[in-house]
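Student: Chain residues, written in single-letter form:
2 protein chains.
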Amino acid sequence: MNNPIGVFDSGVGGLTVAREIMRQLPGEDMVYFGDTARVPYGSKSKQTVLKYSKQIVRFLKTKNVKAIVVACNTASALALDEIATELDIPIIGVVKPGAKMAVENTKSGNVGIIGTESTIKSGIYNDYIRELNPDITVVSKACPLFVPLVEEGLLEDRVTDDIVGRYLQVMKEYKVDSLVLGCTHYPLIRNTIERFMGKRVTLVNPAFETAKCLRELLTEQGLLNDRKKKPEYEYYVSDGVDKFISFADSVLPCHVTDTKVIDIESF
Amino acid sequence: MNNPIGVFDSGVGGLTVAREIMRQLPGEDMVYFGDTARVPYGSKSKQTVLKYSKQIVRFLKTKNVKAIVVACNTASALALDEIATELDIPIIGVVKPGAKMAVENTKSGNVGIIGTESTIKSGIYNDYIRELNPDITVVSKACPLFVPLVEEGLLEDRVTDDIVGRYLQVMKEYKVDSLVLGCTHYPLIRNTIERFMGKRVTLVNPAFETAKCLRELLTEQGLLNDRKKKPEYEYYVSDGVDKFISFADSVLPCHVTDTKVIDIESF
Chain A
82 MNNPIGVFDS
92 GVGGLTVARE
102 IMRQLPGEDM
112 VYFGDTARVP
122 YGSKSKQTVL
132 KYSKQIVRFL
142 KTKNVKAIVV
152 ACNTASALAL
162 DEIATELDIP
172 IIGVVKPGAK
182 MAVENTKSGN
192 VGIIGTESTI
202 KSGIYNDYIR
212 ELNPDITVVS
222 KACPLFVPLV
232 EEGLLEDRVT
242 DDIVGRYLQV
252 MKEYKVDSLV
262 LGCTHYPLIR
272 NTIERFMGKR
282 VTLVNPAFET
292 AKCLRELLTE
302 QGLLNDRKKK
312 PEYEYYVSDG
322 VDKFISFADS
332 VLPCHVTDTK
342 VIDIESF
Chain B
82 MNNPIGVFDS
92 GVGGLTVARE
102 IMRQLPGEDM
112 VYFGDTARVP
122 YGSKSKQTVL
132 KYSKQIVRFL
142 KTKNVKAIVV
152 ACNTASALAL
162 DEIATELDIP
172 IIGVVKPGAK
182 MAVENTKSGN
192 VGIIGTESTI
202 KSGIYNDYIR
212 ELNPDITVVS
222 KACPLFVPLV
232 EEGLLEDRVT
242 DDIVGRYLQV
252 MKEYKVDSLV
262 LGCTHYPLIR
272 NTIERFMGKR
282 VTLVNPAFET
292 AKCLRELLTE
302 QGLLNDRKKK
312 PEYEYYVSDG
322 VDKFISFADS
332 VLPCHVTDTK
342 VIDIESF
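So the protein lines, in turn, are chains A and B.
The first sequence begins at 82 in our numbering and counts up one residue at a time.
The second sequence begins at 82 in our numbering and counts up one residue at a time.
Please note: incorrect hints may appear among the correct ones.
Because identical chains cannot be distinguished in the list, a pair is counted as satisfied if it fits within a single copy or across any two copies.
In silico DSSO-like pairs for lysine-lysine, Cα to Cα no more than 30 Å straight-line [said to hold, decoys possible]: (1) K147 with K253; (2) K310 with K147; (3) K293 with K256; (4) K341 with K256; (5) K253 with K132; (6) K188 with K341; (7) K324 with K127; (8) K144 with K222; (9) K188 with K132; (10) K188 with K142; (11) K280 with K324; (12) K144 with K253; (13) K280 with K202; (14) K188 with K309; (15) K341 with K144; (16) K142 with K127; (17) K202 with K341.
Hint data in this document are derived by calculation from the structure and do not stem from the laboratory.
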C-alpha cells in the first residue's frame with residue numbers, strides 16, 4: 082500500500098524515531114508533524130495531551146496516512162489508548178515496544194524507566210511491564226532536566242554528569258540491569274548515562290524497537306510498501322521552521338528542505 | 082473605577098508580578114491568566130506568541146478588565162506593541178519599566194539584560210534602553226536553563242552556581258553594574274546571581290517596577306480603585322490546576338483556592 086506513514090511528536094525529539102523508520106523501512110513514505118508551538122508535553126495533564134494528540138491525528142488523516150506512529154513517549158503514555166479506540170487505521174506508540182524490550186533484556190528482574198514527569202506519573206510503563214511479567218520490579222524516575230540540558234547542547238558536560246548521577250542513583254541502588262530511555266531526547270545523552278550506570282546495564286531505546294514493531298505490523302496487515310523508488314518525506318510543524326530544520330539536519334540522514342507551518346489548533 | 086486588572090503570563094512565573102501588584106495596589110481586584118497548557122513562550126516565534134497573547138487578551142476582555150498587565154517578558158517583548166494598537170484599554174508590559182530602572186541605576190554605562198531566547202533575540206530591551214540613553218552599552222544574554230533549574234527547585238545548588246557562572250561571565254567582562262532579571266522566574270535565583278555578580282551590581286526586578294508603573298498609569302487615567310474593601314482575585318489557567326495552586330501558594334501572600342481551567346484556543 083503506497084500511502085505514507087504518519088509520525089508525530091511534541092516537537093523535534095520524535096525525529097529520532099523517524100530516523101529509525103527511515104532505516105528499517107526504506108520503502109515507506111512519511112509525513113512527520115512536530116508540535117513545536119506547544120512543546121513540551123512532558124509537564125502537561127492527560128486532558129491537554131489527549132486534546133493536542135487528537136488534533137494532530139485529525140491533521141495526519143488529511144494526509145491519507147495508512148498508519149500512525151506516536152513518536153512522543155508522553156503522548157504514547159497519556160493519549161494512545163483512547164485515540165486507538167476511535168481510529169480506523171493502525172496506530173502504535175513507543176511505550177509498548179520499549180517495555181517489551183526491557184523485559185526481554187533483564188536478568189536481575191529489576192527494570193528502570195526514565196521519562197518526563199507526565200510519562201512517569203501515568204504509570205503506564207509499569208502497567209505494560211507487569212502485564213508481560215508480574216514478577217519484575219519496576220523502578221521509575223522522572224528526569225525533567227534532561228530535555229533542557231540536551232536542548233542547550235550540554236551532551237558531554239560536568240553539569241549533565243552531575244544531574245544524571247542524582248536522577249539515576251536510585252537505579253543503581255535497586256540493581257536495575259535494563260533501563261528504558263523513555264523520552265525521545267534521552268538517547269542523545271546515552272554516553273553520559275552509560276558512563277554512570279556502567280556497561281552491564283542495557284539501555285533500551287524505544288525508537289529502534291518501535292520501528293521494528295511497525296515493520297511487523299505493516300507486514301501482518303499487508304500494508305508494507307515495497308516499491309523500489311526513493312521514499313518521500315514531508316515535514317509539518319506548528320512553529321519555528323528554521324529551528325526545526327537545523328535540528329532535523331543534525332539527526333536525519335537526509336537534508337530537510339520543505340517544512341511547512343500549519344495552524345494545528347484549527348484541526 | 083471598580084473593574085479588575087487583568088494580568089497574564091505564559092504560566093506561573095507571572096505570579097511574581099501579581100504579588101507586587103497586590104502589595105502596591107491593595108485596593109484593586111485582579112483576574113490572572115496563566116497559559117500553563119502552552120508554556121513556555123521563551124523558545125517560540127513572534128508569530129505564535131502574538132497569536133497566543135491575542136487569545137488571552139480576548140479572554141480577559143470578557144472579564145471586563147479596566148487595564149491589562151503583560152507579566153511575561155517574552156510576550157511583552159514580542160506581542161505588546163501590536164496588541165496595544167488594537168486595544169481600547171491601557172496595557173503595560175514588564176520590559177519598559179525594567180529597562181527604565183536599569184538605565185537609572187547604571188553608573189558605568191554598561192547595562193546587562195538576561196532573559197529567554199525569544200526575549201533576547203527580539204532586541205527590545207536594547208531598543209528601549211537606547212531610546213532612553215543612546216550612550217549606554219547593552220550586553221544581553223539568553224539563559225535557557227534558568228527556568229528549568231528553578232522549576233526543578235535547584236534554587237541553591239552547585240549546578241545552578243555553575244550555570245549562572247557560565248551565562249553571566251560575559252556580564253563581568255563588560256563591567257555591567259545594572260542587570261535586568263528579564264524573565265519572571267529569575268528573581269527566584271536572585272541570591273545565586275548576586276553571589277556571582279557581587280553586591281555592587283544592581284539586580285533589577287521588572288515585577289516591582291511594573292507594579293509602580295501600573296499605579297502611576299491608573300492614577301493618571303482616573304482608574305484607581307480606592308475602595309477600602311477586601312480585594313477579589315480570580316485565577317484561570319489552560320491546564321493543571323493543582324500544579325498551579327501549589328506554585329501560587331509558594332509565591333502569593335494569600336492561599337489560592339478557586340482556579341478554573343478554560344479552553345484558551347476557543348478565544
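Student: Sort out which numbered hints this structure fails and list those numbers smallest first.
Tutor: Failing hints, ascending: 1, 4, 5, 6, 8, 9, 10, 11, 12 and 14.
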